[in-house]
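Respectively, the protein sequence lines represent chains P and U. The first sequence begins at 1 in the working numbering and counts up one residue at a time. The second sequence begins at 1 in the working numbering and counts up one residue at a time.
Hints in this document: simulated from the structure, not taken from any laboratory. Keep in mind that this is a model prediction, so the values were computed, not measured. Heads up, some of the hints might be wrong.
Unchecked claim - Computed beta-carbon distance windows for the label pairs:
#1 U:ASN239 to P:GLN101: 50 to 56 Å
#2 U:THR33 to P:PHE66: 44 to 50 Å
#3 U:ASN239 to P:ARG21: 45 to 51 Å
#4 P:ASP325 to U:ASP205: 52 to 58 Å
Unchecked claim - One-sided and incomplete, this derived list gives chain P residues near chain U with beta-carbon spacing under 7 Å:
#5 ARG181
#6 HIS182
#7 ASN188
#8 LEU352
Ideal placement from N, C-alpha and C gives every residue a C-beta, glycine not left out.
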Amino acid sequence: MSKIDYSERIPNNVGLSEDRRLQRALEGWQPKFARWWDELGPAGFSGNDVYLRTAIDTSSEGWTHFDYVKMPDYRWGIFLSAPKPDRRIGFGESAGRPVWQEVPGEFRSDLRRLIVVQGDTEPASVEQQRHLGHTAPSLYDLRNLFQINVEEGRHLWAMVYLLHAHFGRDGREEAEALLERHSGDPDNPRILNAFNEKTSDWLSFLAFTYFTDRDGKYQLGALAESAFDPLSRTCEFMLREEAHHMFVGATGMGRVAQRTCEVMVENDTDDVRPFGVVDLPTLQKYINFHYAVSLDLFGAEASTNGANFYTAGLKGRFDESAYDDDHVLTSTTFACTEVVDGALATVERPSLQVVNLQLRDSYSDDCEKGLRRWNRLIAEAGVDFELALPHPGFNRAVGVFAPHDITPDGRVVSRAAWEASCGEWLPTDDDRDYITSLMSPVYEPGRMAGWIAPPARGVNTRPVEYDYVRL
Amino acid sequence: MHTHRVSTAPTQPAGTEVYLDFFSDLRPWRHWTLRVDGSIATLLMYVQPDGGIFDGAELKLNSYDMGVELEFADAVRRIRFEHPEVGCVVIGSGYEGVFCAGANIRALAAATHAHKVNLCKFTNETRLELEEASAGSGLRFLAAVGGACSGGGYELALATDHILLVDDRNTAVSLPEVPLLGVLPGTGGLTRLTDKRHVRRDRADVFATRAEGLRGGVALEWGLVDELAPRTSFDEAVNARAAALTEHSRAAGAFVSDEPAMLEPLDISPTPDGSVIGEFVAMAPDRDRACAEVLISASAHPRWPLRAARELDALLCHLRFNEPELGTVVLLTDGSHASVTAHDRALREPANHAERETALLWRRTLSRLDLTARTLIAAVEPGSCFAGVLAEVALAADRTYLLDGEFVDERPDDAVGMAVRALRGPQSADAVLPTLAMTEISLGSMPMANGLTRLQSRLWGDDAAIAAARDTVGSALDAQAAAEAGLATATPDDLDWDDDLRLAVEERAAFSPDALTAMEANHRFCGPETMATKIFGRLSAWQNWIFIRPNATGPDGALTRYGTGTRPSYATDRV
């Protein structure tokens, strides 16, 4: 037998050192993961000390263990949140029965697919963000990028753990395939299209962490409701880390808006590009783009799979118990906005068939909160401008709106009219070139690039000017 | 009636009735695009989600219903007839990431049992036609599977000569019917896995119960596909493979300088009472007797073979889908023997593209007749021409009545067959004595699904009788001779004829249609099994049984529950 000290090298609370099956699986997979990280993880910086948080156990101190670490030496661990005694299935046809500790044979394939699709997004975003380190606006932001990257790596481990521990040989093969598909690889792309888009600049990165990682929050939240307890507990723990990613997006977008407002007020102008900051209309365009792409991740509003998963107890809604209904959904309807005869209209659909839409609606509500914060910040700076979420039908590639051309303010227009105006709603090549021109690295502790305000505070009570990455 | 997009009756528990038009030109197709580039035709499936024939059944992900299927059959036929230059047909998808998701489950669930069964049969006939076109016309088919390929989508691929699958670590081929829908891959899927592709049966078991299917490497290793290609070079691989397949195809073969045979519109509209009057084929419904009288009129004109086959073929489909209650088909012919046998050489030894395709169409149409779940009664009367290729019509029948002598008295208006004859007006006055006249066509040009001739099937197991009947080829057999050769079931004289025929038809209408369908199918396909008989007899019979079982179509059945988000509940006893 191998003499690896598993609990030291791979922090875990799943009894790895006694589990031969899991050891065998991870021994095969870990070197491949290391190679993948080397080839497709953050470019450069592998020899630098980064002030990172590592989860070493699930206690409140254990999961916020901060220290300098070189990223390749990061200890990716396997953690499930603490079991809830006598946890019961919260929805679907088996509601009220005890949750499952093993995969029921009849749901093997569906559960595996859910885990694979979720797992596929985790390394994908690391790949998408691979080159951002070279243009970081500050050491603080550089550190946050890497924190997100290593945690997405850990989320991959979490999904791989489930595949290894519960799905036998098929699971091992799927775990390998997670490292074989690559973001934007024309031959072996990632499963979901949003994860094949480029994240080539920091404004995209901040919007991505705000909008797309928030999709992750809602997907994980829905899976945390699962009757399959190991999946539920795994996602529960991942959600804690996901919160930080969204924090980076929420504060980051706010810092961009704040810096722009400062320049607008200082110079009493709307024409801020000469001053090297992101004009608010362009910020709005990035919001439009990333929100729409993220809505696509929820899938078609009416979905047979979504309904099947719900009934079977595999995937619920976000914070399922907060819904004031029967949690079976076979006898109620849900009001859906759709295009009927060329105009938006409300259509009642059986609730069960639009579980995806219900999840998406909670997501949209959550997205609004950030917008309100940013708008408060803009108003407090004395600038007359409001950021807004576009209509959910705007620029969609998936679901009922996909065949239609809908403006951000929710008007159904002709394809020609839409195309004539889309440069006002979505980043143009000129906009992207301008944003790219702002992307110069700032590596001096405490200093910020000119297009972003400093954060209100540093990481883990350290000051903003802390040496978060030792270059 | 002109369009195949039809209004539906309010949904009944028994399923929604739809009318399907087999007589009109379906072009422009809604769901398919065809591009012909030299010897390669590319037929792309591009199903319009809102173009389904059942209201509310949205055809997502290139899933098909009978409307899509009709267009596919039309496309294949047109490529065969109208594009002799084509050697390889690439079947692909107009959608990124999806090849074909198979039959649309909501449409299937909404359909009547009869529609399900007929859809399944029609689809199987078209899949078999791909293989027949490959064997008979030298036309090669390439499935370019660039995206998700499940259920009937994979069964479509299975019917081609070569399956090329994109290898992107994600795209899979699958047969999810058993695990997801509680039914079978009934469009030849199970049969072709083992009998055509020789997939090991234990692996077939794993594959057909694995809803998510298998991806590239394993699919190739197990023989589920023939070739893999990465996404970025997929189109190149398709082109290269299509070019290679063309080398041994008809485009490189026999009739190099052939003219296309254009398929003119049939332009037949059933009358309000349901009569169908084509140029050469007519049908009159006798609803009191649950009987369709079908009259095939012969002509020596060169256009007859193609036109008559197309009309008969369309009529058979029309009867299957739109006239489910006409349980018996009485087959009549009209014309001189010479006007039929004039076409013998072209049908037996085709000398150009048009003749070959026409001969193969007759073969398929006669096969469609064999596979039609109606009692078939051939009535050989004076003035009829059951000769040459039409002798096969008499041999296809479950019973063959041959009049002994001629009619002396005027026949009553309500005699069997009079209604359809009335549609054609007065018949030739100098009607010759009724005879049955096999030609060499009956010795192998038009085999049945079981691989036998209709003569062999009729006299199966009696080699002496078969040999003796073969010796009558070329002569016209009157009632006595036909009876001696074993080719006439009954030979009433004019005094008995009308009553015997009427009683046979009325008796038939009183029997259980289910028992009749099953009995006739058992009797028609004697002798050896082929892939076709297994598909139509074994796979389809099991499938049709499953379709009526509560586990599939009961209120809690898998097919009923599919798409509702509620799970099926099965009775667990094995039957």
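Cβ separation of U:THR33 and P:PHE66, checked against the hinted range 44 to 50 Å
Check failed, 60 Å falls outside 44 to 50 Å.
Next item in the hint list is P:HIS182. Is there a CB on chain U closer than 7 Å to its CB?
violated (9 Å)
Given a cut of 7 Å on the nearest C-beta pair, is the interface hint for P:LEU352 held or broken against chain U?
The hint holds - P:LEU352 has a Cβ within 7 Å of chain U, the shortest such distance being about 4 Å.
Hinted contact P:ARG181 with chain U - closest CB pair below 7 Å:
holds (5 Å)
Do the Cβ positions of U:ASN239 and P:GLN101 conform to the proposed distance bound of 50 to 56 Å?
holds (52 Å)
How does the Cβ-Cβ distance of P:ASP325 and U:ASP205 compare with 52 to 58 Å: does it lie in that range?
Violated, since P:ASP325 and U:ASP205 (Cβ atoms, about 42 Å apart) do not stay within the stated range.
Does the beta carbon distance between U:ASN239 and P:ARG21 stay inside 45 to 51 Å, or does it fall outside?
Cβ of U:ASN239 to Cβ of P:ARG21: about 46 Å, so the range 45 to 51 Å holds.
Checking hints one by one. Is P:ASN188 an interface residue toward chain U, by the C-beta closer than 7 Å rule?
holds (5 Å)
Checked against the numbered hints above, the structure breaks hints 2, 4, 6 and satisfies the rest.
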